[in-house]
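Student: Chains U and G are the protein sequences, given in the same order.
To convert, note that position 66 of the first sequence is 402 in this note's numbering; the numbers rise steadily by one, no gaps.
To convert, note that position 37 of the second sequence is 18 in this note's numbering; the numbers rise steadily by one, no gaps.
Treat the hints with care, as some may be off.
In silico DSBU-like cross-links for lysine-lysine, where the CA-CA straight-line distance does not exceed 30 Å [as the list claims (entries may be wrong)]:
1. G:K7 x U:K395
2. G:K7 x G:K(-4)
3. G:K83 x U:K395
4. G:K81 x U:K395
5. G:K2 x G:K17
6. G:K81 x G:K64
7. G:K64 x U:K395
Covered by chain G, per the in silico footprint, the following chain U stretches (three or more residues, Cβ under 8 Å) [as the list claims (entries may be wrong)]:
8. 382 to 390
9. 397 to 404
10. 412 to 421
Because the hints were derived from the structure by calculation, they are not lab data.
Idealized CB from N, CA, C, for every residue including glycine.
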Amino acid sequence: MGLYSTGDCFRHDVTVTPHRPILKVAIETLISQRTEILEAPVDTGFAGFLMTPSELYVKMSEMEVPEEHFLTYSTLIGPITMRRAKVRIRIFDHSFESFLETPQLGLGKLLLGRRILNLLPIAILGPENRTCTLRIAEAV
Amino acid sequence: MPRNLDAIIRGVNAKAYREFKARASKLGLRLGEALKLAMESWNAEPVAPSPVAKDVDNAAYRRMRHELIRRYPGKHIAIAAGKLAAVSDSLEELASELRKLKVSRALTVEVEREESGEGGEWLWGSIAQETASGTTSQ
């Protein structure tokens, strides 16, 4: 426990109702070291990593895992299996190896799931329309 | 002058054949002429990168899996063109090795440590596409 202060923040998407928390995410492929920067909606209802539209996934999936290691997610319309590829992800000043995912069937969408969100010390400040990284200001 | 040849094509879908023939007829083309134009047009299109990892690599992984577990537990391995291309202690090292080998895409796995099976839930449950607004390349 401790007292936290906010560091860098990212503005929510206020073009949709209700406003949507988003984070700026840099994806770097590991072989060609190509980078894409995008604004991904925060989705605590998605248990996975960073889901992307299939077109972006195809571009960035230089290091895909074998199909035996694709994960299957339970949804309201039944199980959906996602392709999965290794990348480096940077959010605020946190950089780590992680995965892009996209549905095996269908086009996919852009979502930042809990397997990544759980690595980040962030706070969603709804009334202020921003999501911020947190730093310990004082240990209690 | 390119050489012409005669070809017999088996197993053509009857409905697709009839539709193709009707369309050719509407355009005043003989079947062979329409087929030649269609092939030239198809050949001229750039080949999009496949969203599907090469089946040959997945087949190779299935074939090698027990051997990989025995020889390289905890290591990062890459399979390309149906063969084991590189083995490393870390993903960064593996990627660097693949760059040296001029391999641009590979199937990769952390032997015995890679997750599989149930991933959890996705409560939205919709697979409609959402535009990645503000996407830029560097």
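Student: State for each hint whether it applies.
Tutor: Against the structure, the hints:
no.: 1; hint: G:K7 x U:K395; verdict: violated, 40 Å
no.: 2; hint: G:K7 x G:K(-4); verdict: holds, 17 Å
no.: 3; hint: G:K83 x U:K395; verdict: holds, 17 Å
no.: 4; hint: G:K81 x U:K395; verdict: holds, 21 Å
no.: 5; hint: G:K2 x G:K17; verdict: holds, 13 Å
no.: 6; hint: G:K81 x G:K64; verdict: holds, 16 Å
no.: 7; hint: G:K64 x U:K395; verdict: holds, 23 Å
no.: 8; hint: 382 to 390; verdict: holds (count 6)
no.: 9; hint: 397 to 404; verdict: holds (count 8)
no.: 10; hint: 412 to 421; verdict: holds (count 5)
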